[in-house]
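Peer 1: The residues making up each chain are set out below.
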Amino acid sequence: MPSSTRSATGMRRASIGDAQRGSEAGQAMNCPAAQFPVIRLQANSGWPGANLAELWRQRELLGFFIWRDVKVRYKQTLLGIAWALLQPLATISVFSVVFGRLAHLDSEGAPYPAFCLAGLLPWMLFASGLTAAAQSLVGNVNLITKVYFPRLLLPVSSVLSALLDFAVSLALALVLLAWYRILPGARLLLLPLPLALVLLTGAGAGCWLAALNARYRDVRHALPFLMQLWMYATPVVYSLQLVPPTWRPWAALNPLVAAVEMFRYILLRTPAPSAGILLVSTAVALGLSLSGIWFFRITERTIADTI
Amino acid sequence: MSQTILRIEQLGKRYRCTRNARRHATLRDWVSGMVGCGTRGATPAASDAAAAANELWALHDVSLEVAAGEVCGILGHNGSGKSTLLKILARITEPTTGHAVVHGRIGALLEIGTGFHMELSGRENIYLSGAILGMRRAEIRRRFDAIVAMSGVAEFLELPVKRYSSGMYLRLAFAVAAHLETDLLLLDEVLAVGDSEFQQSCQQKIRELAHAGRAILLVSHDLATVRALCNRAVLLDRGQLVANGPLSDVIPGDRAA
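These protein sequences, in sequence, are chains A and B. Numbering-wise, this note's numbering puts 190 at position 190 of the first sequence, and it's gapless, one number per residue. Numbering-wise, this note's numbering puts 84 at position 84 of the second sequence, and it's gapless, one number per residue.
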């Protein structure tokens, strides 16, 4: 028995050595798994980075997580993906009555439903991505305590999987705009910019909340409240023009402000947001995601023990 | 001799359970702890003593080498540190002291069905679970037919896994995991589930993997399983490695209960 084991091992080593000679000549050939790095497991301390190289190696798994989230979201529902149409439709109907008809909020010359939908598109993408990301660690406890993979993939895939619903809602918005004879035209090519801002903010805040949620389940109770406050701090139902000019730079500390203003500029041809607003919002979004990754990576070290 | 796949040197893992749990159980406690620090709670010296008392070394000063082709059993009572050792090696948690070096890929099978999603079909779960366990998409595609053949659920591949019988589920989940091409394989009580036929096929597969040159660490309470599969074993007791060698030297049944 031991001798046969040894000879089988020897054969395997030889075959891998052959494979290596073919691909990377001149490497050590006595190692049974030279194509994979030697892994050293020990206590880590100090400032963690995002480990982009490993995230890139695991991009297939990121794709699988997104695919799983998308596949499972509308399983065993009657209406399926139609929910991605119904939710914004129902929301703009209510908002149009309350804020458009009853409160007569200014909509910068556009029809109020179109104005509201242009703001809801980035907001709903952000809100659904952030909510899913905040639950992503706690909801995958059975994976986190049983198998290793870069934990960052969980909040990131949650945010990215919200893009499917967004695409459906965007199609709805374009139809509604065409109904109002508003054609965005070539400005649509600018859409990736505010989209990136929304995803960056969602991933940054998502990392913070996911890691906090793993330590303190209070997050689950605070989240609906936080989202409601954040929505009213964002010019979704109202116009930024209603905000006094002296307050506007402060409003831009919320990166969603620049994103919503960009969306309205692209879809409704309202005036573009000022460079100051864009700069402040982008800086905050970057700061939020870098600090989020840092906090997430620190939490990640002990997460299997505390979650 | 065979190539060393795993080298563990003076590995230790400390848990500080109760103190942290009491102080930071919720955000509210944390905030009130910040606000009310000094007015309530113990003096610094007393809290240091309390911290030491609440420390638990789940694993202490464990050193071990495992070579390719070896199936090493890990024995010990509940709470002896077996699972903690596997969790460190599986990179689920970090050690507090010491280090381990692994030459090659690590595959961890700490439960049957890791990464399975009940709503997805058998076919989808083969890909999802395979990817989560560490396989690349191309690898899974290449082994797909072999996985299906081994699982014996070919007719039900398009059915959601939640409709599977528990036997079908176990067989499919193990078939995916058995096709994991890693140099070090960690198995935690996997064989304790399923009927005897399932356990037999698992054991057969584990022998094949060892013959193919994998290093395997196997945690099991079942001495018969350990005798049938392992060519050596270690015994853990309260976090310390107390025996290491051939089965006859290590199995406590041969020395004490």
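Among the hints, a few may not be true.
Claimed, not checked - No more than 30 Å apart at the CA atoms, straight line, and that leaves these computed lysine-lysine pairs for BS3-like:
#, chain 1, residue 1, chain 2, residue 2
1, B, K205, B, K162
2, B, K205, A, K75
3, B, K162, A, K71
Said to hold, decoys possible - Some chain B residues well away from chain A (every beta-carbon gap over 12 Å; in silico):
#, residue
4, L11
5, H103
6, A224
7, A243
Stated by the list, open to error - Label-pair distances were calculated between CB atoms; the ranges are:
#, chain 1, residue 1, chain 2, residue 2, range
8, B, R123, A, T302, 52 to 60 Å
9, B, Q203, A, A90, 22 to 30 Å
10, B, Y15, A, W47, 19 to 27 Å
11, B, E55, A, V243, 50 to 58 Å
12, B, E65, A, A171, 34 to 42 Å
13, A, Q228, B, A138, 39 to 47 Å
It should be emphasised that the hints constitute simulated quantities derived from the structure, not laboratory data. Ideal Cβ positions, reconstructed from N, Cα and C, are used throughout, including at glycine.
Peer 1: All hints are to be evaluated individually against the structure, with a verdict given for each.
Peer 2: For each hint, the structure was consulted:
no. : hint                        : verdict
1   : B:K205 / B:K162             : holds, 26 Å
2   : B:K205 / A:K75              : violated, 35 Å
3   : B:K162 / A:K71              : holds, 15 Å
4   : L11                         : violated, 8 Å
5   : H103                        : violated, 5 Å
6   : A224                        : holds, 18 Å
7   : A243                        : holds, 20 Å
8   : B:R123 / A:T302: 52 to 60 Å : violated, 37 Å
9   : B:Q203 / A:A90: 22 to 30 Å  : violated, 57 Å
10  : B:Y15 / A:W47: 19 to 27 Å   : holds, 24 Å
11  : B:E55 / A:V243: 50 to 58 Å  : holds, 54 Å
12  : B:E65 / A:A171: 34 to 42 Å  : violated, 60 Å
13  : A:Q228 / B:A138: 39 to 47 Å : holds, 46 Å
In summary, the numbered hints that this structure violates are 2, 4, 5, 8, 9 and 12.
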